[in-house]
Each structure stands twice: as C-alpha cells, then as structure tokens.
Amino acid sequence: MAPEKQRILMVSDFFYPNFGGVENHIYYLSQCLLELGHKVVVMTHAYGNRSGVRYMTGGLKVYYVPWRPFVMQNTLPTFYGTLPIIRTILIREQISLVHGHQAFSTLCHEALMHARTMGYKVVFTDHSLYGFSDVGSIHMNKVLQFTLADVTQAICVSHTSKENTVLRSGIPPEKVYMIPNAVDTAMFKPAEERPGGNEIVIVVISRLVYRKGADLLVEVIPEVCRLYPNVRFIVGGDGPKRVRLEEMREKHSLQDRVDMLGAVPHASVRSVLISGHIFLNSSLTEAFCIAILEAASCGLLTVSTRVGGVPEVLPEDMVVLAEPDPADMVLAIKKAISLLPEIDPQVMHERMKKLYDWHDVAKRTEIVYDRALKCPNQPLLGRLSRYLSCGSWAGKLFCLVMIIDFLLLHLLQLWQPEEDIDKVPDFVIPPVEISSAFDQEQDD
Amino acid sequence: MNESFIATARFTYIKDRKWPSAAIDVHHVIVRQSNLKGLLVCLFAFGFSANGLYLFLVLDKSPFALLWSLLLSSSLLKLGIGKSVVKESVLIMPNFGVQLETHYRSGRISRHFVPVSKILKPLLLEHVSPVTCYWVLSLILLKEEELTPVFKELHLPLKMLVPIWKALCGSGSGDNVFSLHSTVEDHEQSV
Numbered sequence: 001m002a003p004e005k006q007r008i009l010m011v012s013d014f015f016y017p018n019f020g021g022v023e024n025h026i027y028y029l030s031q032c033l034l035e036l037g038h039k040v041v042v043m044t045h046a047y048g049n050r051s052g053v054r055y056m057t058g059g060l061k062v063y064y065v066p067w068r069p070f071v072m073q074n075t076l077p078t079f080y081g082t083l084p085i086i087r088t089i090l091i092r093e094q095i096s097l098v099h100g101h102q103a104f105s106t107l108c109h110e111a112l113m114h115a116r117t118m119g120y121k122v123v124f125t126d127h128s129l130y131g132f133s134d135v136g137s138i139h140m141n142k143v144l145q146f147t148l149a150d151v152t153q154a155i156c157v158s159h160t161s162k163e164n165t166v167l168r169s170g171i172p173p174e175k176v177y178m179i180p181n182a183v184d185t186a187m188f189k190p191a192e193e194r195p196g197g198n199e200i201v202i203v204v205i206s207r208l209v210y211r212k213g214a215d216l217l218v219e220v221i222p223e224v225c226r227l228y229p230n231v232r233f234i235v236g237g238d239g240p241k242r243v244r245l246e247e248m249r250e251k252h253s254l255q256d257r258v259d260m261l262g263a264v265p266h267a268s269v270r271s272v273l274i275s276g277h278i279f280l281n282s283s284l285t286e287a288f289c290i291a292i293l294e295a296a297s298c299g300l301l302t303v304s305t306r307v308g309g310v311p312e313v314l315p316e317d318m319v320v321l322a323e324p325d326p327a328d329m330v331l332a333i334k335k336a337i338s339l340l341p342e343i344d345p346q347v348m349h350e351r352m353k354k355l356y357d358w359h360d361v362a363k364r365t366e367i368v369y370d371r372a373l374k375c376p377n378q379p380l381l382g383r384l385s386r387y388l389s390c391g392s393w394a395g396k397l398f399c400l401v402m403i404i405d406f407l408l409l410h411l412l413q414l415w416q417p418e419e420d421i422d423k424v425p426d427f428v429i430p431p432v433e434i435s436s437a438f439d440q441e442q443d444d
Numbered sequence: 001m002n003e004s005f006i007a008t009a010r011f012t013y014i015k016d017r018k019w020p021s022a023a024i025d026v027h028h029v030i031v032r033q034s035n036l037k038g039l040l041v042c043l044f045a046f047g048f049s050a051n052g053l054y055l056f057l058v059l060d061k062s063p064f065a066l067l068w069s070l071l072l073s074s075s076l077l078k079l080g081i082g083k084s085v086v087k088e089s090v091l092i093m094p095n096f097g098v099q100l101e102t103h104y105r106s107g108r109i110s111r112h113f114v115p116v117s118k119i120l121k122p123l124l125l126e127h128v129s130p131v132t133c134y135w136v137l138s139l140i141l142l143k144e145e146e147l148t149p150v151f152k153e154l155h156l157p158l159k160m161l162v163p164i165w166k167a168l169c170g171s172g173s174g175d176n177v178f179s180l181h182s183t184v185e186d187h188e189q190s191v
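As you go down the protein sequences, you meet chains A and B in turn.
Number 155 in the UniProt record's numbering belongs to position 155 of the first sequence; there are no gaps in the numbering.
Number 157 in the UniProt record's numbering belongs to position 157 of the second sequence; there are no gaps in the numbering.
This is chain A alone, in the form it adopts within the complex (with noise of 0.2 Å):
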C-alpha cells in the first residue's frame, strides 16, 4: 500500500543561503518529498536580512524565523523561547510530522522538544560523528541523550554513524535507520572530453579546517610534487588553515604547481571537478562526505581518508583509502596515478546514476515516516520515565524540562487558542511543461 501523504516540517539551523552537506540533503530530500506528493515546510533561523518567509523551487516553502545565530550558525538556546513560534507553524501549516536535522543544531533540539511536548511525532536524522572523551563531546551526547530519549524514529547516513550515534546516545537501535546522502549526477556530470596531456591533476575541495585534515594536505602536497614532477594540485576552499598551504607553497617554491582557488561557490565546484582526474580527501572524520560521491559523479577517481563511514560510501575499485598518516596518504596517490589508465570517467558517472539517488533517498525516508506516524501516542508520565533513564542527576533535570515545557505550552493555550491561528491555504504551483511552452513559443 502506498504511504498516505504527509505534511513535513523539517527543522534545522543549516540551510540555504548556507551551503554544506546538511543543507544539501534538506533540501533535494525535500524537492524530491515534493515530488512525491508531500507537503514539505522547511524551518531555519535568518540569515542576514534573509527573515520572514520564502519560497524555493517547487514551491518549498521556508520559515526564515528572526532569531540571530549566536555561534557556528547556531541559534541561541533558551529552551523554551522558541516555543510560540514552532506551535504556530505546527498549528497554521497543518504539519503531521517533524523532521529535524543536525546534533549540532540547537533548533532543532528545540523544535523536536516542543513538538513531541504537542503530542507529533518526530523523526531526527544525525549528519556527523562526534567522539566520546572531550568536554565539548560529553555536552554534545548529554542533549543528543535528552532528545533521543524521546524521538519516534531516527535515521543515520552510514552504519558507523549509526554506531556512533546508538553508543552515544543510548537509543534503541532498532528505532535507528541507516540512509545514506545522494548525489545530484544531473549537476555532477564528467567532462566531455577528460583533460589530456601528460599532467595528471589532483583536485582538492573543502573546507580548510583542521577536521577536514588540511594539516595532512601540508605534508602530502608537496612529497607528491617531488616524487611526480608532472602532477599539478589544484585546491578550492577556504578557512583557518588556508594560510598554513600558502605557506608550505612558498617554502617548496610550488607556486606554478599548487593553484589556491580560495571559496568555490557550490554551483561552480563541478567545473572544477572536471579539471582534475583524482580527488583527494583528507578529512579526519567523516560520517558520510558528500564530497566524494560528487567527485566520482563527474568520473575522477578519489583517494580518501579511511574514516568513519568514508569506506561505505564508494565500490572499491573507485576509491583508494589511507590512514590518515602523510606516509601512507602518498602511497595511496602513487596507487591511484597508476590506476588512472583504467578509469573511464563516463562509465563511472553511470555506476553512480544507479548506486545513489535522491529520490531513492526520499522513498526511504517515506518509510520512516509511514512507521513513525505507526507509533502509539504515549502521555506525559509515560514519556516521562524515559528521561529518567537518561541518568541520575540529568534524568531528573530533564524531566523538569520537560514538565515546565507541557505547562507552558497550556498556559500559550490558553492565552492564544489554536482556533485564533489562522491555517495557511495551499497554493498550487502549476508545473510548467517546458517541451509545450517551447512549442507554442515556435508557433508564435
């Protein structure tokens, strides 16, 4: 039987104008949720004078709500400032179920928080790894505990952050699904013609931080130049550590063979892309890296950390893995240079139609949902004694939280009813039929 439709409101501090790996995957989950039948409403804090509501492509629809990020994009955790806001949108836009996404999102802790307070269900999808020793750790897993304590369903991107996140959390892992990102192959095509000649290009794009391993680009760079007089880097991205590779390009003198892009605009990363006919990756821990899957989409062959769920992502004849070590990162490239006589870019591209789709992605996603909307209602003092699970000091924290929450949502109740909320009509954007429009622009 086919999933009944729904309405969606996904729930997170990264989104467009912002652009990463979360935000891509909340958005083209949500094109395609569209594209299936759902309504989808996406909520985010404002970016810049970006505030109030704006409509995307195929009519998805986003809540650019007035409060200002305090740190990394985050908004400012009040626990319950955020409470009138999300019954509002819950309330006007009719939504059956909340989707939130990203640990780190402190929105979205918020948002699943009020929401399961009003009786919806939730489901929380997790994007990164996180360890289990440092002080900013401990705090991460302890309000990743408190959320997940209560969540209907969760889903990760790969089976080690599925692991990651049931260890750190203590969710049952039969409540966690493993679906793993996409790839636009449509954007992210191969050249037509592979860039020839004896040069062999290695391209590098990412952030340039010390998580995405650029301390490791430092020492592999230029050993790789030494050891191959005719390989050429390229290297997009910006960030911290950007000045230690201008640096170690100065001190070897490989100004004409290291090009340093700076920030490449997303809609400009295939073109690189297309220039090179490796890609390296050197991040130190990955839940699933996006960036990958888009390399080998436009047919170059990737050398790549092995960390975290990198080496779920790619089959292995597209992916040559390492340590995270510069010995052993230059003996992987030694390996993919001799390999690269066998790589047929436009044989590649097709492998990755087939393995990762995003609509794929969203039929996956549809079945969390239909088995979350599945799950019994339980009431307060049911739910309540799963917090107190969460620890002796912190369950009963938590369950205070919680207790606080259920009577001010009452008291918002009663001081604006839900029948003073006005319920948001649906517009209908009529698909615009391209091949006709032509035709009929031919005929005039």
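Treat the hints with caution; some may be incorrect.
Claimed, not checked - Here are the computed lysine to aspartate or glutamate pairs in the EDC-like style, where the Cα-Cα straight-line distance is at most 20 Å:
#1 A:K354 to A:E316
#2 B:K166 to A:D426
#3 A:K5 to A:D426
#4 A:K61 to B:E126
Stated by the list, open to error - Simulated restraints on C-beta separations:
#5 B:E146 to A:H139: 24 to 32 Å
#6 A:S268 to B:K78: 55 to 63 Å
#7 A:K396 to B:E146: 35 to 43 Å
#8 A:A267 to B:E146: 25 to 33 Å
#9 B:H28 to A:W393: 42 to 50 Å
#10 B:H28 to A:P66: 40 to 48 Å
#11 A:S268 to B:S4: 55 to 63 Å
#12 B:S117 to A:S268: 58 to 66 Å
#13 A:K396 to B:L40: 33 to 41 Å
#14 A:G59 to B:A23: 38 to 46 Å
As the list claims (entries may be wrong) - To give a feel for the contact side, a few chain B residues facing chain A, derived at Cβ under 10 Å:
#15 E126
#16 V128
#17 C133
#18 Y134
#19 L158
Hints in this document: simulated from the structure, not taken from any laboratory.
Backbone N, C-alpha and C define an ideal beta-carbon position, used for all residues, glycine too.
Given the structure of chain A, go ahead and fit chain B onto it with the hints provided.
Just chain B now, kept in the frame of chain A:
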C-alpha cells in the same frame, strides 16, 4: 459567508453599505474591548502611584520618588489605554485613492491617504516575528522601498483581510494575483 459582517472574539469586521461601493467602499474593523486589560493597567498605575505616595508621605522619602511614580503611572496609562486602538478603517475610492484610518481610545484619529497612482499592488503576506507568524495586508507603493501595512496596529485573521484585499484589487489599484485569489476563495469557503 456574509462578507459584510464577520465577528471573532477580538474583532468585528463591517463593510459599510451606506454608500454605493462604486463611489466609496468602506471597511471597518472594530476592536472588541477587553475590560480585563484596562482594569489591569489601572490597577498597576494605581499601585505605582500609591507606592510613591506612601514613600513620600509615610516614610519621608525624597519627593523625587513620588514624581517618578506619578510619571511611571501616567506613562503606563497612556501606553496601555491612551494608545489603545478602537477601530481601523479602510476607505477605498476607486480610481482615486485609499484612505487608511486608525481611531484611538483617546479620541485621536490617524489618517493616511494613498493616491491610486502610487499603489502598485495590494498583497497578502505572512509576517514572521521571533514569537509568532500572522497575515498582513500591505501595499507596494511606487518609489517606496518599504511596504505600507493597511492595518498599522491590528493583527487581523485572514478571513477579515481577504474581502478588503479583494476590494483593493478590484479598485483599479494594481493587478489581481488570480491564482492566490482563487485558492484563498476556496479557503474562505471552507472556514
């Protein structure tokens, strides 16, 4: 649904049928006064004044304390009751212009006339604030960067804004957005 009269717990919408709508189309929205709010404001103002008097007369504190209390009370009364809106009206004179009126409890009336040549389009928009989201009827005006809200003070329900928006669209001021129009009509019928 009778478009001439719509009532909710907080507002009453009346379409004035005194004059033919071809000459002048008048729409009023009257605020249903809540005695509770006025009572609370008066109580607080009384409390501040009484506190000031007590400090000055009984405890022999400086007269500035009394002065501050009286100032605070009068400000509270002015903001809570004096600025309180009784009615907002939209007078549409087809092919001439639109007059927007706000009537306050203090008796003051604020009027703003917009000639039809300046009006590019009347719009129904969703306004998002940090705590809520509601519909707003606004005008896009020629050579003005900011939208002009038709109702300055009141946040009206959609079912009251729609007939006024339709009247503005049909008055020769701006084009009709027909797809929104038909969808909103369907919504209206279901409300």
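Tested hints:
1. With a C-alpha separation of about 16 Å, the suggested pair A:K354 and A:E316 falls inside the 20 Å cut-off, and the hint holds.
2. With a C-alpha separation of about 18 Å, the suggested pair B:K166 and A:D426 falls inside the 20 Å cut-off, and the hint holds.
3. Taking the CA atoms of A:K5 and A:D426, the gap is near 14 Å; set against the 20 Å cutoff, the hint holds.
4. This hinted pair checks out: A:K61 and B:E126 have alpha carbons roughly 12 Å apart, not beyond 20 Å.
5. For the pair B:E146 and A:H139, the beta carbons lie near 43 Å from each other, so the given range of 24 to 32 Å is not met.
6. Checked against the hint of 55 to 63 Å, the C-beta distance between A:S268 and B:K78 comes to roughly 58 Å, which is consistent with it.
7. Distance hint check for A:K396 and B:E146: the Cβ-Cβ separation is about 50 Å, which falls outside the suggested range of 35 to 43 Å.
8. At roughly 32 Å, the beta-carbon separation of A:A267 and B:E146 lies within the given 25 to 33 Å, and the hint holds.
9. For the pair B:H28 and A:W393, the beta carbons lie near 59 Å from each other, so the given range of 42 to 50 Å is not met.
10. The supplied range of 40 to 48 Å is broken by B:H28 and A:P66, whose beta-carbon atoms lie about 32 Å from each other.
11. Under the hint 55 to 63 Å, the C-beta atoms of A:S268 and B:S4, about 58 Å apart, fit the expected range.
12. Distance hint check for B:S117 and A:S268: the Cβ-Cβ separation is about 45 Å, which falls outside the suggested range of 58 to 66 Å.
13. Taken as a hint, the range 33 to 41 Å holds for the pair A:K396 and B:L40, whose Cβ atoms sit roughly 36 Å apart.
14. Hint check: A:G59 to B:A23, Cβ distance near 40 Å, so the stated range 38 to 46 Å holds.
15. Interface restraint check: B:E126 against chain A, minimum CB-CB distance 5 Å, threshold 10 Å, status holds.
16. Of the supplied interface hints, the one on B:V128 holds, with its beta-carbon coming within about 5 Å of a beta-carbon of chain A, less than 10 Å.
17. For B:C133, the interface hint holds, since its Cβ comes within 10 Å of a Cβ in chain A; the closest pair sits about 5 Å apart.
18. Contact between B:Y134 and chain A, as hinted, is supported at the beta carbon level, the nearest pair being about 7 Å apart and thus within 10 Å.
19. Satisfaction of the interface hint for B:L158 is found here, the shortest Cβ-Cβ separation to chain A being roughly 4 Å, below the 10 Å cut-off.
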